[in-house]
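Number of protein chains: 6
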Amino acid sequence: MLSFSTRRKSVLTGGALIASALLPFTVQATTTEARSARGAEMIRHLNNGEAQPNLEAMREEFPFLAEATEAYALGDVWGRDVLDNRTRQLAAVAAMAALGETGLMRVHAGYALNVGVTEEELKEIVYMITVPAGFPRAIAASQALSELFSERRSSVVE
Amino acid sequence: MLSFSTRRKSVLTGGALIASALLPFTVQATTTEARSARGAEMIRHLNNGEAQPNLEAMREEFPFLAEATEAYALGDVWGRDVLDNRTRQLAAVAAMAALGETGLMRVHAGYALNVGVTEEELKEIVYMITVPAGFPRAIAASQALSELFSERRSSVVE
Amino acid sequence: MLSFSTRRKSVLTGGALIASALLPFTVQATTTEARSARGAEMIRHLNNGEAQPNLEAMREEFPFLAEATEAYALGDVWGRDVLDNRTRQLAAVAAMAALGETGLMRVHAGYALNVGVTEEELKEIVYMITVPAGFPRAIAASQALSELFSERRSSVVE
Amino acid sequence: MLSFSTRRKSVLTGGALIASALLPFTVQATTTEARSARGAEMIRHLNNGEAQPNLEAMREEFPFLAEATEAYALGDVWGRDVLDNRTRQLAAVAAMAALGETGLMRVHAGYALNVGVTEEELKEIVYMITVPAGFPRAIAASQALSELFSERRSSVVE
Amino acid sequence: MLSFSTRRKSVLTGGALIASALLPFTVQATTTEARSARGAEMIRHLNNGEAQPNLEAMREEFPFLAEATEAYALGDVWGRDVLDNRTRQLAAVAAMAALGETGLMRVHAGYALNVGVTEEELKEIVYMITVPAGFPRAIAASQALSELFSERRSSVVE
Amino acid sequence: MLSFSTRRKSVLTGGALIASALLPFTVQATTTEARSARGAEMIRHLNNGEAQPNLEAMREEFPFLAEATEAYALGDVWGRDVLDNRTRQLAAVAAMAALGETGLMRVHAGYALNVGVTEEELKEIVYMITVPAGFPRAIAASQALSELFSERRSSVVE
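Protein chains in written order, with the UniProt record's numbering: chain A, 1 to 158; chain B, 1 to 158; chain C, 1 to 158; chain D, 1 to 158; chain E, 1 to 158; chain F, 1 to 158.
Note that these hints are calculated values from the structure, not bench results. Take every hint as true, because none was put in to throw you off.
In silico contact screen, one side only, chain A against chain D (beta carbon under 7 Å); selected entries: (1) E61; (2) F62; (3) F64; (4) L65; (5) A73; (6) E101; (7) L104.
Glycine residues also receive a C-beta, built at the ideal position from the N, C-alpha and C atoms.
Whenever a hint applies, use it, and build me the whole structure from the sequences.
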């Protein structure tokens, strides 16, 4: 955990480093325990060292869905290292905006900002989304991003 | 136009250069003619110097849709320079795969390869798509990519 | 049936007449038999006096789905008279194009042409679809319309 | 109606009985009045003997949509007897969760619980939905189910 | 601008006039400035002479998306004159309802009422949507329309 | 493998047995190897003892997607035992039909038939799909099922 804080600093100061350089998980995790641990580490990496509230809320009533999110989505998929985290986050934000899934899009847009993506880059994804998915999904995504940007600014001030 | 051929070579040899470095269009195009010209240049940049057959086929019966594709989608949106072309193509491929639009996804995956994206990176987008959009869309995208890769390999041999 | 042929002529020569003026079904059909009959009449009205092949093909293996299509979709819904047939067909084409359902969109675009909608009006729907649903769905719809227009022209020549 | 109350008890005490065993509607309803009556009976069967508030709210401003929901969706479709009510509800919950229609999914999940489906079985549908439709839709469905479970528990206590 | 107010009156009193008869924009707008001006005029035409709040809210943080909405969606697409405004609005409402985009659907339903579409015609679109898109999307659209109708009635009273 | 053939017989003769009674995998598989083995066993159980061609085709070019399909989708999700295989297959068919994913829907409809679901039950799912997802998706699903039924009949004859 100490080393995690240390590594976080380099992200905050150095911008978009590649996850695989930060995380010692390039060895294939093969047990569910190791996959979940990799997912948990990934989420802390993406979420400024903190757990993800939605995920924690699922653990009691939907333990399998929580495990699948952690071990499969965040561990197996997000833990891969061919794409850097910035590109994967931008592509995930694009996919979720295109599908109209603004709630999780916003979560991943926050992760993107945490790993060095700029607000301007996220806005570009929203502009681009008008082409594959039309204006209603792009406008909904722009409103979700505006709220996210606003909350982050007010939480920095406090 | 001569300079275009020259610039293409650097793309083919040098890999994933950022579009805004290649294209002198950072000045806002403000007439429909200039926007269409920018879109046409962009498509040649993405498509190895050639016109896009689907777009040309629309010009006679659907002239407004062809113009909108060229001037708005490719000129206004793809001509922006905050994101580099590689990232925009990967995000567009992700959005189209998520929506099940495998036909245009394949076109943009081809553009992505032309501007230096690797096959491995495109595969990563497909893996990632299982998370926001599920397995049927990811599997359909993988089949479209397999066909694209195969065609490009056989056309190189000839 | 004789009166049907007579009425068809007025459609072919007189353009977009309102269905409720043509069809004596403004009295609410209340039995399944009457609703199906109204649907069958509607389909002949929309389809140049002929049965709809897809519907007929469903009758043996999917009799309930065939009945629901005939009695509910075509009888109850298409048989209503607040909107004229042209407007309903254009709105149905828009909805199906937006959803990517190009197969049934093409069927309804053919109906639209049969009740006096012009090719130019159908193209406008496709242009408009770029706004709510993006370019891939609009382009797919344009390709389906091109095929439809081409087939109808060659069948007229013969 | 008296017999309805009697039959309800067997559902509440006996768990997941098959609707067709409960409802004397296997004879095809052929008038709109009979179809609507069958739908109204079905909704009381699914909704603990009470009317469905959303449906009642539509009756004044959208009378045809209310009638279609009652006579077609609940009467014709839900009144069929090849599938038992439990399986149909689980399949309907799966379809609505996959489409992101969490509002009506929650209504049908409530019906499912009323005819003897367990909370664990509904959770399994949500887990399964990650495969055809991805994690955002599954997570949204899990949140809607959590709210439903919580409300039903607090209303039992009162 | 003076002439705009004058023309608005004829819309409010005279019902569903065709946009192309009102707007002197049939000459192709070819600069972004002229396209944006045409879009701004169109929005005032559709919105009782007032700006559109969502659009204005986007201008600061998402200037390109605001420009694309104004110049492309409202200027280029809505400014076309093959379809009259009533038909285009009904088709747009159908497409947005089918996609589940009830927020923008409601905006366009308001525009439709402003250019002379009746509440009954909008309800017909919603009934029809059960066929291409199913009951959950139609019911959600009916609820959005009910709210819109109710707000407009209470604002007229005041 | 011998015991697998033995167990298959009981399925073919005895109808819809619950998977957990057939498969000795109720113990949680915790390594990727064990999860993949469970998925492979599940696919043979669902597919009459044979491998799934689409899955095998993915192994070379998309090894991670093949592994995720086998270990996550078929091992972790399909290997759960709260729902019996028949109910899970019917719900999966409903979800895929609702999403318009007729290709994989057909694969899972074939699995459903292999574990004792009847053709009539699959048709009921398709009828039901008109309610949550509309007629185009239901009709497309009916056509895919017709093809599947026809192929299976002709392969039995040979």
